[in-house]
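Using the sequences plus the hints, can you model the full thing?
The letter at position 31 of the sequence shown is residue 31 when you use the working numbering, and the numbering goes up by one with no holes.
Source of the hints: derived by calculation from the structure; they are not laboratory data.
Take these hints with a grain of salt, some might be off.
Simulated pairs of lysine to aspartate or glutamate, EDC-like, Cα-Cα distance not exceeding 16 Å [as the list claims (entries may be wrong)]:
#1 193 x 178
#2 100 x 174
#3 193 x 179
Quick list of the computed label-pair ranges, beta carbon to beta carbon [what the hints assert, rightly or not]:
#4 183 x 25: 49 to 55 Å
#5 227 x 201: 31 to 37 Å
#6 132 x 177: 45 to 51 Å
#7 177 x 82: 25 to 31 Å
#8 23 x 106: 38 to 44 Å
#9 35 x 75: 21 to 27 Å
#10 194 x 136: 42 to 48 Å
#11 174 x 75: 36 to 42 Å
For every residue, glycine included, the Cβ atom is placed at its ideal position computed from N, Cα and C.
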Amino acid sequence: MAKKNTFARRTPTDIALHVWGIIVFIYLFVPIAVIIAYSFNNGKVLANFRGFGLHAYISGINNDIIISSIVTSLQAAVGTAIVSTVFGTLGGVALARAPKGAWWALGLTAILGLTLVTPEIVDGVSFLPWFVTVGVDWGITPLNNGLVRLIISHAMFSMAIVTFIVRARLAGIDTQLEDAAADLGATPWNRFKDITLPIAAPGILAGALMSFTISLDNTILSSFVQQPGYTPWPVYIFSAVRVALRPEVAAMSTVMFVLT
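Spelled out as structure tokens, the structure:
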């Protein structure tokens, strides 16, 4: 009886919100379900369904190019998450503890904000000659490595995200705990390790996961800075679409979706 009364009291707005939520859910997850279903396609072309089977998974696992691109993407994503988390955390703590109106904090915030609004194609066009100049002309050979290029370019964008997340986490936290620890003789490192870091941990974890996801999904920037032998998975898919999207791509995408 209570359930009937509750349902009767629902307003048109409540019903509309429920319907809208279902529509958004379908919009987000039905394409993923389609890719998963077509990953079991035994046909040679993804759009040409020839019955269910594991042929696409077997072919994908035995394809050295596909495995290499997946490994490259995972390595770049992990490296990006590490670099972005370390420097982004330090930047977030610095901005959260900066005096109000500090010129360097305003400048750093503006620079980080600029990296978020700059189109990726502009970043790619900028990074490509920079890597060539620094890596080839100046002789800094590590920058000629394709994986290093991917990590640096992805971290530039992800670092800003981690910084703002950590700053938001610490912005509302009172500094009295740190001041009390300092009065009791705690060193700056101990205050950071025992107080600041545990408080910022949820923001740091969220930033690390965001960095990993953004790097794993990056296509435009990766297509500019990639090197032969270091083609990331999204770029490989983009190139494969130009010819014919094969079921192996859907199969390996499904595996990555499940694992990540």
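Quiz prompt | Pairwise hint evaluation, residue 178 against residue 193, where the allowed Cα distance is 16 Å at most | solution = Holds, because 11 Å separates the two Cα atoms, which is no more than 16 Å.
Practice problem: Could you grab the alpha-carbon distance between residue 100 and residue 174 and see if it respects the 16 Å cut-off? | Solution: Since the Cα atoms of residue 100 and residue 174 sit roughly 15 Å apart, the hinted pair holds (cutoff 16 Å).
Quiz item: Is the gap between the beta carbons of residue 183 and residue 25 within 49 to 55 Å?
Solution: With Cβ atoms ~52 Å apart, the hint holds.
Practice problem: Look at the Cβ atoms of residue 194 and residue 136 and judge whether their distance stays inside 42 to 48 Å. | Solution: Since residue 194 and residue 136 have Cβ atoms about 46 Å apart, the given range 42 to 48 Å holds.
Self-check item: Beta-carbon spacing of residue 132 to residue 177 - inside the hinted bounds 45 to 51 Å or not
Solution: 49 Å, holds
Practice problem: For the range 25 to 31 Å, tell me whether the beta carbons of residue 177 and residue 82 fit it or not. | Solution: 28 Å, holds
Exercise. Verify the proposed pairing of residue 193 with residue 179, using a straight-line Cα cut of 16 Å.
Key: Cα-Cα ~14 Å, so holds.
Quiz item: That 21 to 27 Å hint for residue 35 and residue 75 (C-beta), does it hold up?
Solution: Between residue 35 and residue 75, where Cβ atoms are some 24 Å apart, the hint holds.
Quiz item: Do residue 227 and residue 201 keep their Cβ atoms within the hinted range of 31 to 37 Å?
Solution: 35 Å, holds
Exercise. Can you let me know if the beta-carbon spacing of residue 23 and residue 106 is within 38 to 44 Å?
Key: Check passed, 42 Å falls within 38 to 44 Å.
Quiz item: Is 36 to 42 Å a correct range for the gap between the Cβ atoms of residue 174 and residue 75?
Solution: Check passed, 40 Å falls within 36 to 42 Å.
In summary, the structure agrees with every hint in the numbered list given earlier.
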